[in-house]
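Chains A and B are the protein sequences, given in the same order. Heads up: the first sequence at position 42 corresponds to 62 in the working numbering, and the numbers run straight through without jumps. Heads up: the second sequence at position 138 corresponds to 158 in the working numbering, and the numbers run straight through without jumps.
Read the hints as simulated data drawn from the structure, not as lab findings. Hints are not guaranteed to be accurate.
Where chains are identical, the list cannot tell them apart; a pair therefore holds if satisfied intra-copy or between any two copies.
[As the list claims (entries may be wrong)] Straight-line Cα separation of at most 16 Å, EDC-like style, residue types lysine to aspartate or glutamate; simulated pairs:
#1 LYS230 / ASP136
#2 LYS200 / GLU54
#3 LYS227 / ASP136
#4 LYS227 / GLU162
#5 LYS200 / ASP181
Number of protein chains: 2
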Amino acid sequence: MTKIPQRTVERFFRYCQFLHTRLETGAEFVFSRELAAAVGVSPEQVRRDLMNFKLKGTPQRGYKLQEFLDELYAHLESSSLTKMVLVGVGNLGKAILSYFLKRRPNLSIVAAFDLDPEKTGRVYSGCHVHHSAQLEKIVNKEKAAVGIITVPAASAQEAADALVRAGVRGIVNFAPAQIKVPAGVFLEQLDITLSIEKAAYFARRIKLSKELK
Amino acid sequence: MTKIPQRTVERFFRYCQFLHTRLETGAEFVFSRELAAAVGVSPEQVRRDLMNFKLKGTPQRGYKLQEFLDELYAHLESSSLTKMVLVGVGNLGKAILSYFLKRRPNLSIVAAFDLDPEKTGRVYSGCHVHHSAQLEKIVNKEKAAVGIITVPAASAQEAADALVRAGVRGIVNFAPAQIKVPAGVFLEQLDITLSIEKAAYFARRIKLSKELK
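I would like the entire structure built from these sequences, with the hints used as guidance.
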């Protein structure tokens, strides 16, 4: 098991993303320079990455898309199923459940949790919603490795603590609150509102500076 | 108009976020060390940031939450309304529309666009959905400054191009595709799937390395 740095992992997933998009359009081959342009990485970087793979390309046609993808996924060790759970079945939670339904065969959201009795017992996008009191038991039983947090800000740390106690090794936090997890748990924080506020701030500045000219 | 670096802007928005959460719990004061701990910033950094503000705190009670927020928003120049539009009324688009409804008085999604005739003409979370062919006309008329892209990957660049032609100065792209915008347009890319895949990757690695011990 070689250790791949976080930035490389991210780049590899971006490659996968683009290759998937190309496959869907019916293409069979890709040139490294196309990949570089699409992903916003230098052609040299792509070539350096490719040196790690057992891939044969030709100058005429480039690389076979499917072989390229297989190599990437082999490096990302994602051939086995990773089970995930989702906490907080609001609009964003539902959007994520529906997105992951069948689209990612190796990533599966096996259970969702909510406090609202209107939601518990129901099924959204093929995923059962349980009461949050069941979280530790079910995460344990399912051996889920990742928890996705889509609860309001005030409940985010509590959700994270329960997930960590239940044994998840990775958390993706969408709640607009900074949460803390112990060492040994990977944390990714994705603040949608913050990103939109930031874009609004810079858009205003750009507009102002144009008007002042 | 002073130029605030992007990292500072982000930190200020995180401060706002935390102060809002505290206000909602009924608190009136905050200590700089609480803020530092909650936001994951050093107390020295918070104190340096505070030196820019006209704020009087006391060692006994800390800073007045509302005054602190007012100062932050003044620095972020966000007292005026920023109009935004959203392209792609799928599950994620609907989640964002419902989130912004009334919650952020200075950020308003004034129109949404979709190609689906089932959606055009309808209203979601108070926002009218227009056909995408109307995008440039409406963005222009409304003087919207920010475009939020929640279309599938294959349509993302097209949506971005239309938004740029219509005159937006900031784009937040949620489509799992790298898009390009000309200089002078702020671009924030937020790839939800990528973040979840990355967390799954690192969670698998952490699990494996524990099992091998």
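Outcome of the hint check:
1. Taking identical chains as interchangeable, the C-alpha atoms of LYS230 and ASP136 are never at most 16 Å apart, the minima being 48 Å within one chain and 36 Å between chains.
2. With identical chains, the CA atoms of LYS200 and GLU54 are at most 16 Å apart between copies only, with a shortest distance of 14 Å across copies and 40 Å within one.
3. For a Cα distance limit of 16 Å, the shortest separation of LYS227 from ASP136 qualifies neither inside one copy, at 43 Å, nor across copies, at 32 Å.
4. Taking identical chains as interchangeable, the C-alpha atoms of LYS227 and GLU162 lie at most 16 Å apart only when they sit on different chains, with a minimum of 14 Å there against 51 Å within one chain.
5. For a Cα distance limit of 16 Å, the shortest separation of LYS200 from ASP181 inside one copy, 9 Å, qualifies, whereas the shortest one across copies, 39 Å, does not.
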